[in-house]
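Colleague: Residue numbers (the UniProt record's numbering), protein chains in the order written: chain C, 1 to 95; chain P, 1 to 121; chain Y, 1 to 132.
Hints were generated in silico from the structure; no laboratory data involved.
Check the hints yourself; a few may be wrong.
Unchecked claim - In silico EDC-like pairs for lysine to aspartate or glutamate, Cα to Cα no more than 16 Å straight-line: (1) Lys5/P - Asp56/Y; (2) Lys53/C - Glu72/C; (3) Lys25/Y - Glu77/C; (4) Lys5/P - Asp123/Y.
As the list claims (entries may be wrong) - Partner residues are not named here, just some residues of chain P that face chain Y (Cβ under 10 Å, in silico): (5) Ile7; (6) Tyr16; (7) Ser18; (8) Ala20; (9) Asp23; (10) Leu29; (11) Thr30; (12) Val33; (13) Gln36; (14) Val58; (15) Lys62; (16) Leu73; (17) Leu111; (18) Asn114; (19) Val121.
Glycine is no exception: its CB is placed at the ideal position from the N, C-alpha and C atoms.
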Amino acid sequence: MTTLHTLNQAPSNVNLMQSCVGSLQPDDTLLLIEDGVYWLLNTHRAKLPAALKIKALRLDAQARGLTPLVSEVDLIEMDEFINLSVLHNKIVSWF
Amino acid sequence: MNSPKNILLMSRRAPYGSSAARDLLDIALTCSVFEQNVALLLLDDGVLQLLANQDPQVIQQKNLNSLQSSLSLYDIEKIYIDADALEHHGLSHSELHIPVTLLTKIEISQLIANSDIVLTV
Amino acid sequence: MIFTVVVHASPCQNAAPESALRYCKALLSAGHTLHRVFFYRDGVFNGNQLISSPPDELNIMRAWQELAEEHSIDLVICIAAAIRRGVLDATEATRYERDQTNLAEKFNLSGLGQLVEACILSDRVITFGGQG
Chain C
1 MTTLHTLNQA PSNVNLMQSC VGSLQPDDTL LLIEDGVYWL LNTHRAKLPA ALKIKALRLD
61 AQARGLTPLV SEVDLIEMDE FINLSVLHNK IVSWF
Chain P
1 MNSPKNILLM SRRAPYGSSA ARDLLDIALT CSVFEQNVAL LLLDDGVLQL LANQDPQVIQ
61 QKNLNSLQSS LSLYDIEKIY IDADALEHHG LSHSELHIPV TLLTKIEISQ LIANSDIVLT
121 V
Chain Y
1 MIFTVVVHAS PCQNAAPESA LRYCKALLSA GHTLHRVFFY RDGVFNGNQL ISSPPDELNI
61 MRAWQELAEE HSIDLVICIA AAIRRGVLDA TEATRYERDQ TNLAEKFNLS GLGQLVEACI
121 LSDRVITFGG QG
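Work the whole structure out from these sequences, hints included.
Modeller: What follows is the structure in structure tokens.
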């Protein structure tokens, strides 16, 4: 049983991320949406576990001016959000 | 008739500053009416929902303690809280007004993994 | 696969309703079934028919209506949350002795049982929420 976690708050809400990361199992995926995409900035991302499977919605990153600043491989389209929802057994939303 | 699902209701919010605690309980009671296996998981400020001696009448709010006390009448016995969060607030479970199960982060991740559906409030 | 989407946040101030709408469109495009969109807490404001957006901005209420129209989607607003916040249909306006209604067409007021029923019948349930 794997879980897709979504998180939509900016990095100043560090407790939210701590609780989310603490609740992850090894095969889970964390998807950053809305203001959660700012976690992709290098200084914030460095605080997250290296082994974490982490993605972010391209639309939300692009809207916020992040695409030149973050790694392309981390960005996914909406159809991949749906794929991840299907591939995992459930979805947990952190907000 | 579908077999009951394991529905986990999760909250990180303190009571009274928002309606989250009350809205969570409303979902819990409805899950019980539909005979689903419902569990509550309180993280971060959510553990404050269970603090004893609440007196919210002074701010024209309904007392959540009485609603929480009635959960067992609805066969909602699985109430889990994040042990770290309780410690973060410098509290112990003796300061909560109903029996709870304290979980470590690993146990929380297992609880989520073993649930069919997780609803956040 | 059968999905249910839950919306907890009000439009305009919060990104969650628009994220939820994009998610619904994407899952339908992928050939999945959307069993229900359930609006809870401040999410009930998505069904306020008086929402009047500037012409160059998305009117989320209209967008939900168009989605419902095109794909026969069940848009359910939590009745208890809606009444508290003043989102009323004709029946509730009569019950609470109000002389106006503001629930948009295509949205229906119903109980939290519709959320739990959706959890029972759906393969995936996703919540879009905000702070508060």
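Colleague: All hints are to be evaluated individually against the structure, with a verdict given for each.
Modeller: Status of the hints after comparison with the structure:
no., hint, verdict
1, Lys5/P - Asp56/Y, "violated, 44 Å"
2, Lys53/C - Glu72/C, "holds, 14 Å"
3, Lys25/Y - Glu77/C, "holds, 13 Å"
4, Lys5/P - Asp123/Y, "holds, 11 Å"
5, Ile7, "holds, 6 Å"
6, Tyr16, "violated, 12 Å"
7, Ser18, "holds, 5 Å"
8, Ala20, "holds, 8 Å"
9, Asp23, "holds, 6 Å"
10, Leu29, "holds, 8 Å"
11, Thr30, "holds, 4 Å"
12, Val33, "holds, 7 Å"
13, Gln36, "holds, 7 Å"
14, Val58, "violated, 21 Å"
15, Lys62, "violated, 12 Å"
16, Leu73, "violated, 18 Å"
17, Leu111, "violated, 17 Å"
18, Asn114, "violated, 16 Å"
19, Val121, "holds, 7 Å"
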